[in-house]
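Asker: Read off the chains here:
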Amino acid sequence: MHEMSLAEGVMQIVEDTAKRENARRVKLVVLEIGRMSSVEPEAIKFCFEAVTHGSIAQGAALEIVSVPGAGWCMLCAETVPMQELYGACPKCGSHQVQATGGTEMRVKEIEIE
Amino acid sequence: MCTVCGCGAGETKIEGVHAKPHEHTHVHEDGTVHTHTHDHGHDHDHAHSHAAALVGAHAHSHHHGDGSEHSHDHVHSGEHAHSHGGEHHHHEHGVAGDLDYGTGPAGAHVPGMSQARMVQIEQDILSKNNTYAAANRQNFDERGIFALNLVSSPGSGKTTLLCKTIELLKDKVAISVVEGDQQTSNDAERIRATGVQALQINTGKGCHLDGHMVGHALERLQPADESLFLIENVGNLVCPAAFDLGEHHKVAILSVTEGEDKPLKYPDMFRAADVMLLNKCDLLPYLEFDADLAEANARRVNPDLTIFRVSATSGDGLSAWLDWIQSGLEAQRAKRSESVDALKRRVAELERQLAAK
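Protein chains in written order, with the working numbering: chain A, 102 to 214; chain B, 197 to 553.
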């Protein structure tokens, strides 16, 4: 249950922020999840609902901004799109590709009132 | 809580039941640090009777549009720590039209259209651990300590390798060891038998050490300046990869009795490591293990990986590994004396300025 504990981590950040801002309610939570971060958006939505139940964020909408995978290929010396972490470069087939985007797991912003 | 596998402290929250056990760390007389959890079962029965259906007339936090009588139980514990009336108790049960989150400012993302506002957070979900890890790393650097985090699956020979490494190095450098396991202090006892100080951390239900636990271990062990600090993580090739402890390098240990494709199956760990030790190489003649293939697989997920083939039992190949540790120690010492020299220069400069006044 990878996503359940991630959702817990999200909740902690959301609760801390809402408290600091004296929020009455959290209406929206925006996450940035990289496509290569091995987080299943559907699973995290389900878990988010479960962990926010009874909290300040109960009923809050969850928006997931999906960040496409990108990497720097050492041989091509350019940024190439990536489908999987540690995958091959789509141009030259080399595995010497350093992921530069798409591994994010961040709470981007929240909407409160 | 582990963000990888979701283990740890039974933190699963389901449907309004907050079963968040409280975590305690005890240090026993023999130096064993023991982390365990217990459930605080606080039952709060709130019974609210709403006689009339006056929508919006209720100033308190239980709003019922239909005026129904409503009672619910909360089991709060641990971190939620007795903060009644805090944010955990704002229950908003649908005052007419109030819960329509699908439209309006929420959908349009425009702050200021109502009382609602957007708050930028841009915070990594693992940021809390990373803060502890950064503090540990600063502590190590200020004191010229070289810290390694040893990770592998259970049974790869981490502890035997550690014991051997310690035996060969203990006359040259002060060494402290942190042992992470779910249960028992067997490993710390094995390390103490070599004559160096060791501290056992039992993670209980947890599957990895985190920055916070290692921070406590540092306080407890008080490692000497310019010494070697070795952390043996919980035997697990998945979760410890995500948790920075403040170490200078993760060292992954793969033994030849495992599969050559392990680096491909568990790439995160081999990616996070800077060094891989291929252990139990004395057994290679008796196995069908292809050591070159294992190395190629490891380099496929991490081209910069430094690999040493060793046998902790026979001692073969250990000298290269020990040399690598020595150069790490020297680099830390050099860095420290550099910053001490810089500070001395700064003090001298300030003293000169004061004298001039």
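None of these hints come from the bench; they were simulated from the model. There's no promise every hint is true.
The calculated lysine-lysine pairs, modelled on DSS-like cross-linking and capped at a C-alpha distance of 30 Å, are [unchecked claim]:
#1 A:Lys146 with B:Lys324
#2 B:Lys531 with B:Lys368
#3 B:Lys461 with A:Lys120
#4 B:Lys401 with A:Lys146
#5 B:Lys368 with A:Lys146
#6 B:Lys324 with B:Lys401
#7 B:Lys553 with B:Lys540
#8 A:Lys120 with A:Lys209
#9 B:Lys401 with B:Lys461
#10 A:Lys192 with B:Lys461
#11 A:Lys209 with B:Lys324
#12 B:Lys531 with B:Lys366
Asker: Hinted pair, alpha-carbon criterion (30 Å max): A:Lys209, B:Lys324. Please report holds or violated.
Answerer: At roughly 16 Å apart (the allowed maximum being 30 Å), B:Lys324 and A:Lys209 satisfy the hint.
Asker: CA of B:Lys368 to CA of A:Lys146, is that 30 Å or under?
Answerer: Given pair B:Lys368, A:Lys146 is violated - Cα atoms ~54 Å apart, limit 30 Å.
Asker: Given the hint that A:Lys146 pairs with B:Lys324, does the C-alpha gap stay at or below 30 Å?
Answerer: holds, 22 Å
Asker: Holds or violated: A:Lys120 with A:Lys209, Cα cutoff 30 Å?
Answerer: The hint holds at about 17 Å.
Asker: CA of B:Lys553 to CA of B:Lys540, is that 30 Å or under?
Answerer: holds, 20 Å
Asker: Does B:Lys401 sit within 30 Å of B:Lys324, going by the straight-line distance between their CA atoms?
Answerer: holds, 20 Å
Asker: Below or equal to 30 Å on CA atoms is what counts here, so check B:Lys531 against B:Lys368.
Answerer: This hinted pair holds, its Cα atoms lying about 19 Å apart.
Asker: With a cut-off of 30 Å on the C-alpha distance, tell me whether A:Lys192 and B:Lys461 pass.
Answerer: holds, 24 Å
Asker: What's the verdict on B:Lys401 and A:Lys146, does the C-alpha distance respect the 30 Å limit or exceed it?
Answerer: Holds, at roughly 25 Å.
Asker: Given the hint that B:Lys461 pairs with A:Lys120, test it: the Cα-Cα distance must not exceed 30 Å.
Answerer: Violated. B:Lys461 to A:Lys120 sits at ~41 Å, over the 30 Å cutoff.
Asker: Keeping to a limit of 30 Å between CA atoms, is the pair of B:Lys531 and B:Lys366 held or broken?
Answerer: holds, 22 Å
Asker: If you draw a straight line from the CA of B:Lys401 to the CA of B:Lys461, is it 30 Å or shorter?
Answerer: holds, 24 Å
Consistency with the previously given hints fails for numbers 3, 5, ordered from lowest to highest.
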